[in-house]
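There are 2 protein chains.
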Amino acid sequence: MNQSKPIRIVGMGKYLPNLVTSQEMENKFNLPKGWSEKYSGVQQRHIASHECNGFMGAKAAEAALEDAGLKLSDLDMIISGSGTYDYPLPNQASIIKAKMKGGEKYHVPAIDIDSTCLSFVAAFDFASKLLDGKSYKNILIVSSEISSKGINPKNWETLTLFGDGAAAMVLSYDENQSSQFIKGGQRTYSEGVYDTIIEGGGNKFFFKEHAYNQELHSFKMNGRKLLKMAKHYIPDFMDWFFDDLPYTVSTTDIIVPHQASRMGMGVFTKLYKLRQEQMKVTLYKYGNCIAASIPLTFIDAVEKNEIKRGDICLLSGTSAGFSIGSVLLKY
Amino acid sequence: MNQSKPIRIVGMGKYLPNLVTSQEMENKFNLPKGWSEKYSGVQQRHIASHECNGFMGAKAAEAALEDAGLKLSDLDMIISGSGTYDYPLPNQASIIKAKMKGGEKYHVPAIDIDSTCLSFVAAFDFASKLLDGKSYKNILIVSSEISSKGINPKNWETLTLFGDGAAAMVLSYDENQSSQFIKGGQRTYSEGVYDTIIEGGGNKFFFKEHAYNQELHSFKMNGRKLLKMAKHYIPDFMDWFFDDLPYTVSTTDIIVPHQASRMGMGVFTKLYKLRQEQMKVTLYKYGNCIAASIPLTFIDAVEKNEIKRGDICLLSGTSAGFSIGSVLLKY
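Chains W and D supply the protein sequences, listed in that same order. Numbering-wise (the working numbering), the first sequence opens with residue 1 and increments by one. Numbering-wise (the working numbering), the second sequence opens with residue 332 and increments by one.
The shape of chain W in the complex, shown without the other chains (with noise of 0.2 angstroms):
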């Protein structure tokens, strides 16, 4: 169905706390030297120190509203599309909104979308459909992860793929631009629901009867089988997904795949024959971010002049659930 409206990034921001190499990650689990770049790819991540998700979602809000030469009092909504976050309670939302300028003078509803690593992505296919114009003519989308807190350092698989950063887009409705929301949408494969979790932490495994435990509540990924799901599924995924649209994803002009792991970006290369400069990949600097991972890499390929307006953009991506989700959009 013909999704398609006049909705444009008008701005875009980012902040990423400090840097630690995988060497000085080696040297600091007593790893192999050498070893997370040839199983990873990841040469570099950013890590939090005194940083928490609320701050760092505020810095990237802050710097997309500046971008878009926008206040906070501009928008209409303020989403925070991530899997990781502060507090149980409140959602997240409220909590990036109260730490940014103006946040407690200026009402905007603070709301949160999670689809883990695509909740961006969801973001921005909800935020897409929410804008007309009247009602909704800017909202903003921040996506804020800290993975470190939940990785087993044990696992020295997820100890080196993960990073932590932070995202966000303002979007406008604007009929004067050529700039386009095409199209969004997920998949949900339920045969993987637990082969990506946090087991501890939630009312299953609540803090109370079960305390804290290195496995119980560190992030856990069944790596061959989620590979296996990919490759099984993804092409089910584009078929449904372009099956309207004039498109394919070999003559998509630019791919920004979730940066879930070497193997996984592979696999989409492969499948699709997809040529180096048209699939954007950061994992060797930025880590995977979770749902930050697409936004980041959004900006990077931006800032690089890689991604230029016009261009017809695939965000697309897999999440814990499992689902594989993408949007179409010409920047």
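Incorrect hints may have been included.
Think about it this way: if two alpha-carbon atoms lie no more than 20 angstroms apart in a straight line, the pair counts; the simulated SDA-like pairs of lysine to any residue are [as the list claims (entries may be wrong)]:
id : chain 1 : residue 1 : chain 2 : residue 2
1  : D       : K336      : W       : D132
2  : D       : K551      : D       : I482
3  : W       : K231      : W       : R262
4  : W       : K204      : D       : K539
5  : D       : K539      : W       : R262
By construction, these hints were calculated from the structure, which means they are not laboratory data. Note that the structure is predicted; figures quoted are calculated from it, not measured.
Take the given structure of chain W and dock chain D to it, following the hints.
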């Protein structure tokens, strides 16, 4: 702005775990006899035993689908609108979907919307804006809440106030019926951001560095300040919300408030001189079930024939954040 659309609630369902009377609660926790009802107005509530959020949500969702005469495969999206969750990762909608009949077979997108106690209202608003009769014909919204785990038994006020339960609704786009989504909206008043909180369990006070502690990991609210904020900001919100509508709070047929507390609902009733038959209350029998309170109360009123097709209904409440939000609909 006119947001009106032909959206109809076509099915509803609920799941309630074991009933616990206030007398049983008072015996168990050594409270003075009659304290619960006297101070919180809650005579009984339901409390989960073997059930998790996912289980209760799936049961409520299946009941709503059956009520609608639809199958999971008829859905275009499943939204979990809840403040509590089984696992920090993946999102709750993925867990609920996986536990539903047909959940593994059909690849309906499963996404969370979190605005704490207003999560159901925000999900209803977003779903109504997504539904277009083309890409989105039917959306299921589920709120499944287990508050009992995060309650500090030393805090009698919250101990006796909260309950557990799940409720679900199927919304459909249907131009052949007179049902309408009229308007939805929220405002977030950040000066109250830390006045309703669970501090421990996220990245701010991470499990590893902060072992379980009843104070840190329990729900806390600054009741007096929240009540003051509600009094101050409800008129601000309602003036904004009803500004462009041919209705007022007082002329709305039915008001389904969040069952936040007896005093909170009292403020609202007094402000707008609401009639008893207008204002729907289930606090005495369900307690405050977080985001599930509004749909549980709505379902209760429909079951008692107190809400009829054609009635103009206002779903409204306050939430941690601090937010006020509403949806106005013609049932």
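Violated hints, by number in ascending order, as checked against the structure: The structure conflicts with hint 5 only, although it agrees with all the remaining ones.
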